[in-house]
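**Student:** In case you want the letters, here they are:
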Amino acid sequence: MSLKLGTADFAKYPFLNEASKFLTESHLDVDEFNRPEMEYIIDRATIRVEVEMQGKIYKNLERHEVEVLTFLSALMLVKLTNIEQILKKHSLFEALRAEAFLIQDLRTERDEKKKQLLLFEIFKELFKVEVDLDPENAQVFRMKVTDYLVRSSHFHEEGWKIVNKAVHGGYVYLDADEIVRLVRNELGNLIYEKIRAMSLSNVPQPIVQKANYLALKFRPTYENKLPRISDYPPCIKHALDLMSKGENLPHTARLMVATYMLSIGKNIDSIVTLFHPAPDFNEKITRYQVEHLAGLKGGQTRYNVPSCSKLNSEDLCFRTLDCGEITNPLKFRRRPD
Amino acid sequence: MNNLKNSTSDLLFVRNAFREYYFKYNDLVETPSRINEREFGFMTFQTGMMRHLSFNNIREVYATLIRNTPSDFYCSNAYYNFPANLMQDKGWKGADLIFDIDAKDLGLPCEVSHRYHLCANCGEIIESTADPCPLCKNSTVRVESIPCSNCFISLRKEIKKLIAILTDEIGVEDDNISVYFSGNSGFHLYVYDACFHHLDSRARSDLVGYILGNGIGPEVIGVRKGANDKVSIKFPKAGFRYGWSMRLARKLRIDQSSSSKLTNFINKLGGYERFSKYIIGYAKEIGIKIDPQVTIDIHRIFRHGGTLNGKSGLSKLRCVDLNKFDPLNDACLLNDTDVQVHVKPSNLKFKLRGRTFTANQKKEKLPTYAAVYLICKGLATTI
Ligand code: SF4
Ligand SMILES: [Zn+2]
Ligand SMILES: [Zn+2]
Numbered sequence: 001m002s003l004k005l006g007t008a009d010f011a012k013y014p015f016l017n018e019a020s021k022f023l024t025e026s027h028l029d030v031d032e033f034n035r036p037e038m039e040y041i042i043d044r045a046t047i048r049v050e051v052e053m054q055g056k057i058y059k060n061l062e063r064h065e066v067e068v069l070t071f072l073s074a075l076m077l078v079k080l081t082n083i084e085q086i087l088k089k090h091s092l093f094e095a096l097r098a099e100a101f102l103i104q105d106l107r108t109e110r111d112e113k114k115k116q117l118l119l120f121e122i123f124k125e126l127f128k129v130e131v132d133l134d135p136e137n138a139q140v141f142r143m144k145v146t147d148y149l150v151r152s153s154h155f156h157e158e159g160w161k162i163v164n165k166a167v168h169g170g171y172v173y174l175d176a177d178e179i180v181r182l183v184r185n186e187l188g189n190l191i192y193e194k195i196r197a198m199s200l201s202n203v204p205q206p207i208v209q210k211a212n213y214l215a216l217k218f219r220p221t222y223e224n225k226l227p228r229i230s231d232y233p234p235c236i237k238h239a240l241d242l243m244s245k246g247e248n249l250p251h252t253a254r255l256m257v258a259t260y261m262l263s264i265g266k267n268i269d270s271i272v273t274l275f276h277p278a279p280d281f282n283e284k285i286t287r288y289q290v291e292h293l294a295g296l297k298g299g300q301t302r303y304n305v306p307s308c309s310k311l312n313s314e315d316l317c318f319r320t321l322d323c324g325e326i327t328n329p330l331k332f333r334r335r336p337d
Numbered sequence: 338m339n340n341l342k343n344s345t346s347d348l349l350f351v352r353n354a355f356r357e358y359y360f361k362y363n364d365l366v367e368t369p370s371r372i373n374e375r376e377f378g379f380m381t382f383q384t385g386m387m388r389h390l391s392f393n394n395i396r397e398v399y400a401t402l403i404r405n406t407p408s409d410f411y412c413s414n415a416y417y418n419f420p421a422n423l424m425q426d427k428g429w430k431g432a433d434l435i436f437d438i439d440a441k442d443l444g445l446p447c448e449v450s451h452r453y454h455l456c457a458n459c460g461e462i463i464e465s466t467a468d469p470c471p472l473c474k475n476s477t478v479r480v481e482s483i484p485c486s487n488c489f490i491s492l493r494k495e496i497k498k499l500i501a502i503l504t505d506e507i508g509v510e511d512d513n514i515s516v517y518f519s520g521n522s523g524f525h526l527y528v529y530d531a532c533f534h535h536l537d538s539r540a541r542s543d544l545v546g547y548i549l550g551n552g553i554g555p556e557v558i559g560v561r562k563g564a565n566d567k568v569s570i571k572f573p574k575a576g577f578r579y580g581w582s583m584r585l586a587r588k589l590r591i592d593q594s595s596s597s598k599l600t601n602f603i604n605k606l607g608g609y610e611r612f613s614k615y616i617i618g619y620a621k622e623i624g625i626k627i628d629p630q631v632t633i634d635i636h637r638i639f640r641h642g643g644t645l646n647g648k649s650g651l652s653k654l655r656c657v658d659l660n661k662f663d664p665l666n667d668a669c670l671l672n673d674t675d676v677q678v679h680v681k682p683s684n685l686k687f688k689l690r691g692r693t694f695t696a697n698q699k700k701e702k703l704p705t706y707a708a709v710y711l712i713c714k715g716l717a718t719t720i
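Here the protein sequences come in this chain order: A and B.
Take the first sequence: its letter number 305 is residue 305 in the numbering used here, and every next letter is one higher.
Take the second sequence: its letter number 307 is residue 644 in the numbering used here, and every next letter is one higher.
Errors might be hidden in some of the hints.
[Unchecked claim] Under the rule of at most 20 Å between Cα atoms (straight-line distance), these lysine to any residue pairs were calculated in the SDA-like manner:
#  : chain 1 : residue 1 : chain 2 : residue 2
1  : A       : Lys297    : B       : Asp566
2  : B       : Lys574    : A       : Lys297
3  : A       : Lys128    : B       : His534
4  : B       : Lys574    : A       : Asp134
5  : B       : Lys562    : A       : His156
6  : A       : Lys144    : B       : Asp530
7  : A       : Lys297    : B       : Lys571
8  : B       : Lys571    : A       : Lys128
9  : B       : Lys574    : A       : Thr108
10 : A       : Lys124    : B       : Lys562
11 : B       : Lys574    : A       : Gln116
12 : B       : Lys571    : A       : Gln139
13 : A       : Lys144    : B       : Asp566
14 : B       : Lys562    : A       : Ile285
15 : B       : Lys562    : A       : Glu158
16 : B       : Lys574    : A       : Arg107
17 : A       : Lys144    : B       : Lys574
18 : B       : Lys574    : A       : Ile103
19 : A       : Lys128    : B       : Asp537
Simulated from the structure, these hints should not be mistaken for laboratory data.
Everything numeric in this text was worked out from a predicted model, so none of it was measured.
Using the sequences provided together with the hints, build the complete structure.
**Tutor:** See the structure below:
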């Protein structure tokens, strides 16, 4: 029996090489996007990017061809806007979307062979990692110790430490959520790199138009954000910078960022979004923690921004001349240039 | 070469013995794989540390050993593009995975019976560490130990435990492991498996945690913190078959059906935090006593196989058969010409090359290998 991934799979994982094979087979080329039927696809791709820019996963799932074409259109749109924020957000939320599908598939697929194939195709093709089923329990997955270590060591929580995992015969045994979570960042990076490496020539007009629309809508407008990024104190800037690179921040740094953002009046949603790029991001936990700090949960006390000396002792202070004699990051004011 | 700095004649004596060794035994000095990608370094008897050296072949290494007669000679576990450049410009390509187990980290009861305190300044034996040195009034002390056969029995056990965890759990092939006697009071275990080469310090630190049993938490067996120090239990899907979850399940005598048994146990202990402490304590107790820093450091240089240890005059040697290898005999290769020395401590007893020596605070005639051993440890001087 030859088992293959079907169109239902490619709809969910349009970034797999084989997913877009039908395009070459049916000699579909860029010009097709000029045809009126494509309007639906391009609109859908535009909405997808818009939803992602609001910090949400685009959940709608259609048949294979529609999904692949939407995926490709979205890539082109994002590339054309040439706005880093859009590129980053899109990569992240495409990864989160695929992650949600994958967890579901791995949990519900009863056919072991099929499950194995899915794992193999996705992990091997995309991340060059082999993931296997536990021979004794098809609900459990396993990954080579070294493949696990290079990924898990970027995670912050104790639970990811290999000492807290079942390890045997050179493998780490994991459940579906864990195995997928391990590679989330890589998928995001993959999509990010894919877009960066794209070179676009004679893009169909309808796509250009939508890209212009998106670029206008999401143009970085620092004017209406108070304070401006450049007005943040160095400690906060440094932490945000690391975070946007997908680095893991220690708990103390997260606490600093969250309390600071609450104090300058940012809403919970936008603060939670800040933490999205963290490799071990968990929406529910983060939201709870931020609400807790805001005094909405638990003890009802609102947490203050730690003092400069406290931050200094935690190695989080990156003092510059502008800091002067201040005792709390909230007092930071940038000197006029 | 701390212990030799106070006496030129000690220094010359030891250096001569070392030079003779490198003439006679240069075939014991190992040729590291990818030799031209390694960083080398050495310590001389007089001038201190040299690092960032690189050699194209083993003959250049031999020549350096004979010409410079270093007290200690090192080779990196890392492979570099440019091993002779400064650290930031070397171009790190990967590193062997190395573990270090030393007798001092085993917390052995015999340790006090063969431990000596020396003044860090003048080398005088200090009887009571509460007082400054009677000779020079300096108050920093250095500890020297003469490992006994009991130390080596315990070390061998610990190394075997390490080998078992590496092969059974981490998946290292037997053939990819080499064990070395460090030349003093410990063993180094090398993993040559290329899969591990590219692991950075963070990943190695995680692995070290696994070996030590460090960083373990109740979640390893599915115990999570609920409200008010209560617990919620959801046993892991992978069960208790492997690794630390297996060891803990055995210790607690639980299986997948023991949820209420475990809850009772935790409640009896006094809740989640107590249980957490209990697990941490147990893991620490049965974890393997490796030196974490050694494994985590990916830019370190290690004493090189087949060279002499300046702290003892014994060789760092590969143990082909760990059971048969007798460090105090097999690695003791200096000559046996008798020399007169003055032994500092009273009632010093040690064993080398199958001979038991008892020496006390007076002139003793000892074979060179034994004299060098004591001089390197600061426990004797030439007359
Ligand atoms: S001095 Fe205060 S505000 Fe400035 S970087 Fe340090 S902690 Fe931040
Ligand atoms: Zn002294
Ligand atoms: Zn001992």
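**Student:** Next pair to validate is lysine 128/A with aspartate 537/B; report whether the Cα-Cα distance is within 20 Å.
**Tutor:** holds (19 Å)
**Student:** Would you check the hint for lysine 574/B and threonine 108/A, treating anything up to 20 Å between C-alpha atoms as holding?
**Tutor:** holds (15 Å)
**Student:** Please work out if lysine 574/B and lysine 297/A have their alpha carbons no farther apart than 20 Å.
**Tutor:** At roughly 32 Å apart (the allowed maximum being 20 Å), lysine 297/A and lysine 574/B break the hint.
**Student:** Please work out if lysine 144/A and aspartate 566/B have their alpha carbons no farther apart than 20 Å.
**Tutor:** violated (36 Å)
**Student:** Taken at face value, is the distance from the CA of lysine 128/A to the CA of lysine 571/B at most 20 Å?
**Tutor:** Given that 20 Å is the threshold and the Cα spacing comes to 32 Å, the pair is violated.
**Student:** Holds or violated: lysine 571/B with glutamine 139/A, Cα cutoff 20 Å?
**Tutor:** holds (15 Å)
**Student:** Verify the proposed pairing of lysine 144/A with aspartate 530/B, using a straight-line Cα cut of 20 Å.
**Tutor:** holds (13 Å)
**Student:** Taken at face value, is the distance from the CA of aspartate 566/B to the CA of lysine 297/A at most 20 Å?
**Tutor:** holds (18 Å)
**Student:** Given the hinted pair lysine 297/A and lysine 571/B, is their Cα-Cα distance within 20 Å?
**Tutor:** Since the Cα atoms of lysine 297/A and lysine 571/B sit roughly 25 Å apart, the hinted pair is violated (cutoff 20 Å).
**Student:** Verify the proposed pairing of lysine 574/B with arginine 107/A, using a straight-line Cα cut of 20 Å.
**Tutor:** Cα-Cα ~12 Å, so holds.
**Student:** Are lysine 144/A and lysine 574/B close enough, with their CA atoms no more than 20 Å apart?
**Tutor:** Within the cut-off at roughly 18 Å; holds.
**Student:** Has the given pair, lysine 574/B with isoleucine 103/A, been kept, meaning a C-alpha gap of at most 20 Å?
**Tutor:** Satisfied, since the Cα-Cα distance of roughly 15 Å is no more than 20 Å.
Hint violations for this structure: numbers 2, 7, 8, 10, 13, all remaining hints satisfied.
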